[in-house]
Structures are given as C-alpha cells and as structure tokens.
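K.L.:
Sequence:
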Amino acid sequence: MGGGARVRATELRQAMQGKGRGRMPNLTKGKFRARIAVTGEDMRAAQRLRHRAFRAGAPHAPDALDADAFDPACTHVLVEESATDTLVCCFRLLPLSSGAEIAGSYAAQYYELAALSAFEGPMVEMGRFCIHPDWHDADILRVAWGAMTGYVDRNGVEMLFGCSSFQGTNADAYADAFALLRDRHLAPKRWLPRVKAPNVVRFAQKLRRRPDLRRAQALMPPLLRTYLLMGGWVSDHAVVDRDLGTLHVFTGLEIRAVPPARARLLRAVAG
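Heads up: the sequence shown begins at 827 in the numbering used here, then just goes up one per residue.
These are calculated hints, taken from the structure and not from any lab test. Heads up, a few of these hints could be off.
The calculated SDA-like cross-link candidates involving lysine to any residue, where the alpha carbons are at most 20 Å apart (straight line), are [to be verified]: (1) K857 x S943; (2) K1022 x R1068; (3) K857 x T912; (4) K1015 x S943; (5) K1032 x N996; (6) K1015 x T912.
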C-alpha cells in the first residue's frame, strides 16, 4: 500500500468519524463486549493477539507484535470478556468510499481487483480477524459479527470484503473445502478477482474431485463459514502466504444479498 493510499484511507476514516460515522457503539452480549480500540495499549493488545494467532510458528515472546503499515489507517475492534477484560478476539476495518479506492486495500497486494473498482457504494475491508486460541465460546464470533453489523448499518456500507485464511500452506489438506467453494461459492464474473500473487492454488481450474460436504464444512474457517451463510463469495484461487503461514481466499459480501432472516438475527445481536 503506497503512502498516498494510506493517507487517503486515514483521511476518509477521520472524515467519517467527524460526521458521526465510522464509529460503533459499545456492544455487550452475555459474557462478552465489543468496542473500538482507543489507546495505544488497546492497539498493542490487538497486535499481541494477532501475533499469537497468525505467527504461531515464530519464536514466542510475550510482547511480540503483529503490525503493518495498514494499522494506522484502520479502525480496530476488540472483543473482551467483560468480567476480566481479557481480549478474546480482534479485527480491523478499512473504510473505502467506493471501489475506486480498492487498490489501496490490504487484499489488493495479493489479488488483481480491477473488476471491483467499478463498485459504486461504500465498502469496508475487514482484516486480521482472529480469536484467541485458548477460547472456544461460540458467542465470541456472534458478538464480533454483531459489532460488524452495527458498523455496517451505521455507515451505510454496501460491500464487506477481506481475505479468509486457512491455517497452513498445504492445499491438499483442504481439498474438500476448496471443491465446495468451487461448486457453490465462486464470485460473480463481474466481480471476480484475478491472479496477482506469484504463488497461488487455482482450485477452481485444477480440482476435479466432488467434495465430501461434511468434511468440507469441518475444514472451513469459522469466519469464512459465516460469510458464506450470509451469501458471500470467494475468488477462484487461493494465495499461499508464506509470511503468515496460511492459504487465503478473497472473500466478498454484498450487503443487499444477506438473507433477511440472517440479517434479522445479526441485528438482534447488534441491538
């Protein structure tokens, strides 16, 4: 992401916040709450959790951080256990006024997104989504999506997108999941991301197997599974990310495509 793109994204976020947009009211449901990071320590806590989640193979250090040049341009959301203030989940949001700014997104480093530059409405890139590896409560994901729903509604967002990651870089281990994505969840041709990264898995072209549906669902990352339940779609290839030790697919969701029943459930959580 070039310096100019980062400046534009930062200015956009500040402008939105100045108009009462780009913000999200605190959300508490059950044992967990979601809020915007506001202090330097909030930011470092998110970066520590990201390091633990995404860089598990790296030498462990208590204060090791996962940080990049996109962080200053993003709004960061924290999900905490209310009773102990323990950070259990985090993600970041990069607002774009339309697809004309998508070249400045994190995903654009890995995917050719020229088709999406024609998208006319407000967009948000959700990135670095992770849940603490020691926490397995389903309400964490539910509260995270409730917070996202509140943000989307408050800001009139028309498309949500990002990179959905599979742990590890062995594509064969996820063959059933990729086959299911190929059969049911590929992006519409008008938005389809093209290959840009040097190392990719072209699962839509090369896989010939029929998916084992049960195994495919079990292999699907929880974040991606939720996107798909809401009508989301993916690129026809996965990028091999050696830095983070993952395989990821570009994932998009047009908000108007979310099934009404699913939207009602999410808004009930968002309050």
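K.L.:
With reference to the structure, classify each hint as holding or not holding.
P.N.:
Hints versus structure:
At most 20 Å may separate the alpha-carbon atoms for a hinted pair to count; K857 and S943 exceed this at roughly 40 Å. Under the criterion of a C-alpha separation no larger than 20 Å, the hint pairing K1022 with R1068 is consistent with the structure, at around 15 Å. Only pairs whose Cα atoms come within 20 Å are accepted, and K857 paired with T912 is accepted, the gap being roughly 11 Å. With a CA separation close to 14 Å, the supplied pair K1015 and S943 stays within the 20 Å bound.
Distance check on the hinted pair: K1032 and N996 sit about 15 Å apart at the alpha-carbon level, within 20 Å; holds. Between K1015 and T912 the alpha-carbon distance is near 43 Å, which puts this suggested pair outside the 20 Å criterion.
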